[in-house]
Amino acid sequence: MDPDAHPDLRLDDTAAEQLEPDRATLEAVGKITEAMETVEIARGRLYEFHQLSGSADEKLSDGIAMLRAAGHSGHADRLAEHLLGRNVLHGRWTFQIVEEYDTTYYRVFRDHETRVRELTRGVRHLAEARVKRENRTPGLPGHEATPHSPD
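The sequence shown begins at 93 in this note's numbering and counts up by one.
Hints listed in this document are in silico derivations from the structure and should not be mistaken for laboratory results. Heads up, some of the hints might be wrong.
Said to hold, decoys possible - Distance condition first, Cα-Cα at most 25 Å in a straight line; then the derived DMTMM-like pairs of lysine to aspartate or glutamate:
#, residue 1, residue 2
1, Lys224, Asp154
2, Lys224, Glu205
3, Lys224, Asp243
4, Lys224, Glu129
5, Lys224, Glu126
6, Lys224, Glu150
7, Lys151, Glu132
8, Lys151, Glu191
To be verified - Here are the in silico distance ranges between beta carbons for each label pair:
#, residue 1, residue 2, range
9, Pro99, His204, 27 to 33 Å
10, Glu150, Arg199, 47 to 53 Å
11, Val223, Glu140, 40 to 46 Å
12, Gly163, Glu140, 32 to 38 Å
13, Thr130, Ser153, 34 to 40 Å
14, Gln143, Ala116, 26 to 32 Å
15, Thr117, Glu150, 45 to 51 Å
16, Asp203, Ala157, 30 to 36 Å
Every residue gets a Cβ at the ideal spot worked out from N, C-alpha and C, and that includes glycine.
Put together the whole structure using the sequences plus the hints.
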């Protein structure tokens, strides 16, 4: 939610009562959302793996050229034949792994998490907003409800 666009009703005790479902539903939806956040982290690491593998392949290519220039074409040829352009998994480069993960797991998970959030009227992070309301000290600097709230 953009605090500049409108007040964050999740952090208003009275409004939150209207937004929030029962506590068990709130906690269950929060757990599914937490699982989705973990999937986001895993996806990021998969993209990191993709980037690092590509970078290693580029460095390998540079090293092969340097071996050739240094007169070691036998080693260069062997590396070029056996490593350069090699699949990281059977039949797959990393871009194919990323695409398959996105199609077969990530998108499906995201779609289901979005549907489960219908139980909270599509509002995200209601469980966290409740914890913030319960734990902050109104009026104390550093405990403001939002960047633009008067307390």
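Can you name, in rising order, the numbers of the hints this structure does not satisfy?
-> 1, 6, 7, 10, 11, 14, 16
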